[in-house]
Amino acid sequence: MELKGWKETSIAGLVFDAGSSVEYETGMWRSSRPIIDLERCTHCMFCWVYCPDGAIQVENSKVVGIDLKHCKGCGICAEECPKKVITMVDECEAKTEAVK
Amino acid sequence: MSETYVKGEVRALEGDMVVAEAMRQINPDVVAAYPITPQTEIVQTFSEFVADGLVDTEFIAVESEHAAMSACIGASAAGARAMTATCGAGLALMWEMLWCASGMRCPITMAVVNRSLSAPLNILTDQTDMMGARDAGWVQLFAENHQEVYDNALQTIRIAEHPDVMLPVMHGLAGFVLGHTLGRLEILSDEVVKQFIGQYKPSYSLLDIDHPTTFGAYDHWDYFFEHKRQQWEGMNNALRVIPEVGQEFGKLTGRYYGFVESYMLDDADVAILIIGSATGAAKVAADRMRADGVKAGVLKLRCFRPFPAQAVADALKGRKAVAVMERSSCFGGETSPVSAEVCSALYLRSLPIKVVTYVYGLGGRDTVPDEFCQVYHDLLKIVETGVAEPIFRYLALRDY
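Line by line, the protein sequences are chains E and B. Residues in the first sequence are numbered from 234 upward in steps of one, following our numbering. Residues in the second sequence are numbered from 251 upward in steps of one, following our numbering.
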């Protein structure tokens with residue numbers, strides 16, 4: 234997202250357009266990452282309901298993954314999952330794992 | 251002067267009543283306020299105006315000053331012209347929300363009936379309350395007398411709502427000394443006031459459902475600084491707008507306003523710089539010194555935020571020694587809030603004027619002309635010896 238200077242940006246940070254949080258990537262704040270075991274997931278949608286950032290990705294009524302650009306790693310999904318198929322993994326380790 | 255001015259009605263009112271009367275004429279959309287001595291009469295009187303149907307104002311009786319300012323911010327964001335009034339501890343309790351009001355660029359206006367901050371418990375006047383809010387992003391004006399209280403109350407609306415400013419404005423009047431004493435002043439007609447203040451047309455409003463807008467959203471490290479920079483711009487623009495509004499008000503009423511008022515200053519060797527109601531006593535002292543052949547003058551500061559450094563430097567240029575009078579408890583600095591600004595203004599313009607700071611009148615202590623004469627004698631000694639130390643002094647303090 235291109236950052237505006239103080240002369241161009243809206244006065245006092247007023248926001249005029251809905252959905253601006255989609256453009257604002259908050260995933261970089263995350264210190265632990267939720268990993269879903271999709272084979273054991275029952276698609277009950279508890280995680281989707283509880284996620285405060287709308288970061289649970291759903292297609293055709295099925296959980297398909299997590300939007301890591303917006304997931305802040307709060308762990309609420311892992312806490313609320315009735316089947317305990319979401320585990321929180323240290324973000325550094327998750328990144329290293331991804332590189333491997 | 252050949253110009254003709256509108257005629258005012260001469261009235262005798264207590265300072266707090268003057269504020270309430272101005273608020274009645276302004277007829278703001280929303281007033282959210284909490285009573286506190288010595289501001290109580292403002293809220294009490296204005297709420298009677300509301301009850302009697304003399305104004306269209308939505309009056310919100312809140313549970314604290316923090317809530318008062320919060321409600322004003324909400325109302326202002328909704329597009330309303332919002333006002334309140336407070337003093338001393340009330341202003342202190344508002345402190346968090348003062349920053350929200352200025353940061354959200356809400357042009358709220360507020361009378362502050364200057365009162366000390368406890369402890370020891372004290373309800374009387376000094377300017378510690380407003381000095382404590384000096385960096386909160388509010389424009390700050392002060393009045394010397396009842397007429398200035400009234401005139402400031404009207405001008406604050408125009409300053410705050412100016413599109414290049416869009417900042418809240420507080421105007422101070424001394425608790426009890428002005429707030430609870432009768433003073434003579436001229437009140438303009440309701441119609442003239444209505445014309446002068448005009449209608450508030452907010453650029454953005456929560457109630458404008460055709461253009462939905464989020465106010466007060468979270469700002470991260472990537473934009474917070476930029477939005478703060480905008481506030482500096484508003485403050486800088488106020489340096490232009492305050493005298494513009496003061497001149498326009500002068501053309502209407504014959505009472506012209508700028509940043510400062512000079513008294514016997516043009517040829518003065520020694521000068522007293524002062525804010526607020528004690529200015530009159532300093533002027534009497536200057537008269538007495540003049541009668542004794544001393545070139546003494548007074549510089550009254552009307553506006554403290556934004557600080558009119560150029561106007562102060564221009565007025566003090568050529569003086570040999572200046573006493574900056576500080577009516578606030580301001581611990582820990584080498585000088586004081588007012589004095590630090592004056593020293594900065596003079597130093598940055600290479601004006602070699604001796605400056606000393608006098609704390610005076612704390613907690614409502616009266617300061618009389620004889621005591622200001624003593625200040626002038628001290629200044630004469632500084633001019634004679636070239637020694638300003640001690641640069642931080644206490645006026646009319648026992649054991650000093």
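One should not assume that every hint holds.
To give an idea of the interface, some chain B residues facing chain E are shown, with a C-beta separation under 7 Å as derived from the structure [claimed, not checked]:
(1) 316
(2) 320
(3) 354
(4) 467
(5) 469
(6) 472
(7) 479
To be clear, the hints were calculated from the coordinates, so they are not data collected in a lab. Keep in mind it's a predicted model, so treat the numbers as computed, not measured. Glycine included, C-beta positions come from ideal geometry on N, C-alpha and C.
Do the hints match the structure? See the list:
Interface hint at residue 316 of chain B: violated, since its Cβ lies 20 Å from the closest Cβ of chain E, which is beyond the 7 Å cut-off. Interface restraint check for residue 320 of chain B: the shortest CB-CB distance to chain E comes to about 16 Å, outside 7 Å, so the restraint is violated. Annotation: residue 354 of chain B was flagged as interfacial toward chain E, and the flag holds, the nearest CB pair being 5 Å apart, inside 7 Å. Using the Cβ-Cβ criterion of 7 Å, the hint placing residue 467 of chain B at the interface with chain E is satisfied: the shortest such distance is roughly 5 Å.
Checking residue 469 of chain B against chain E: minimum C-beta separation of about 5 Å stays under 7 Å; hint holds. About 6 Å separates the beta-carbon of residue 472 of chain B from the nearest beta-carbon of chain E, less than 7 Å, and the hint is met. With its C-beta approaching chain E no nearer than about 4 Å, residue 479 of chain B sits inside the 7 Å limit, and its interface hint holds.
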